[in-house]
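Visitor: Sequence:
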Amino acid sequence: MLNRVILIGRLTRDPELRYTPAGVAVTQFTLAVDRPFTAQGGEREADFIPVVTWRQLAETCANYLRKGRLTAVEGRIQVRNYENNEGKRVYVTEVIADNVRFLESNRDSSGGGGNREESSFNGGSTSGNRGSSNNSRNNQDPFSDEGKPIDISDDDLPF
6 MLNRVILIGR LTRDPELRYT PAGVAVTQFT LAVDRPFTAQ GGEREADFIP
56 VVTWRQLAET CANYLRKGRL TAVEGRIQVR NYENNEGKRV YVTEVIADNV
106 RFLESNRDSS GGGGNREESS FNGGSTSGNR GSSNNSRNNQ DPFSDEGKPI
156 DISDDDLPF
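The opening residue of the sequence shown carries number 6 in the working numbering; numbering runs sequentially from there.
If you're looking for bench data, these hints aren't it; they were derived computationally from the structure.
Certain hints may be false.
[Unchecked claim] Computed beta-carbon distance windows for the label pairs: (1) R23 <-> T43: 16 to 26 Å; (2) E91 <-> G47: 33 to 43 Å; (3) G47 <-> A27: 42 to 52 Å; (4) E91 <-> N68: 33 to 43 Å.
Quick caveat: nothing in here was measured; it's all calculated off a predicted structure.
The beta-carbon is built from N, C-alpha and C at its ideal position, and this holds for glycine as well.
Could you build all of it, start to finish, from the sequences and the hints given here?
Guide: Rendered as structure tokens:
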């Protein structure tokens, strides 16, 4: 069995960071994802998908994501239900994200037109490795120095 989802879209509002009574960080935000077709009027339609992140990933998302920012989310779909104040059963479908990629820098989203930057943050594994994150420095192209010489010592060469 497989429950895996990958979404790319824009945040509809800033993430909402909260803490459980046990002190665990949880962030909620909604991702607007375009549908692959246009409506009869020629306009694109979108789905608005709720996303939840936990622990270190939640704090990272709350610190760096903002409304309108292009973001990729990887995780699983979860359906839960509860009884509201009026006694009615409410069903909620949401994506529990374990990997979030910021697909543009803050400059790009504000119209600055800077270089495209991709940062990836994940929630780690269930084996206690929570909070590990890939720094954007580790994801950058090593040859993006605009033609400047690269300093390599003789010890680094395999021959």
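Visitor: Now tell me if each hint is right for this structure.
Guide: Consistency of the hints with the structure:
1. R23 <-> T43: 16 to 26 Å: 37 Å, violated
2. E91 <-> G47: 33 to 43 Å: The hint (33 to 43 Å, Cβ to Cβ) holds, given that E91 and G47 are roughly 41 Å apart.
3. G47 <-> A27: 42 to 52 Å: Given range 42 to 52 Å: holds, Cβ gap about 50 Å.
4. E91 <-> N68: 33 to 43 Å: 36 Å, holds
The structure does not agree with numbered hint 1 stated previously, though it agrees with all others.
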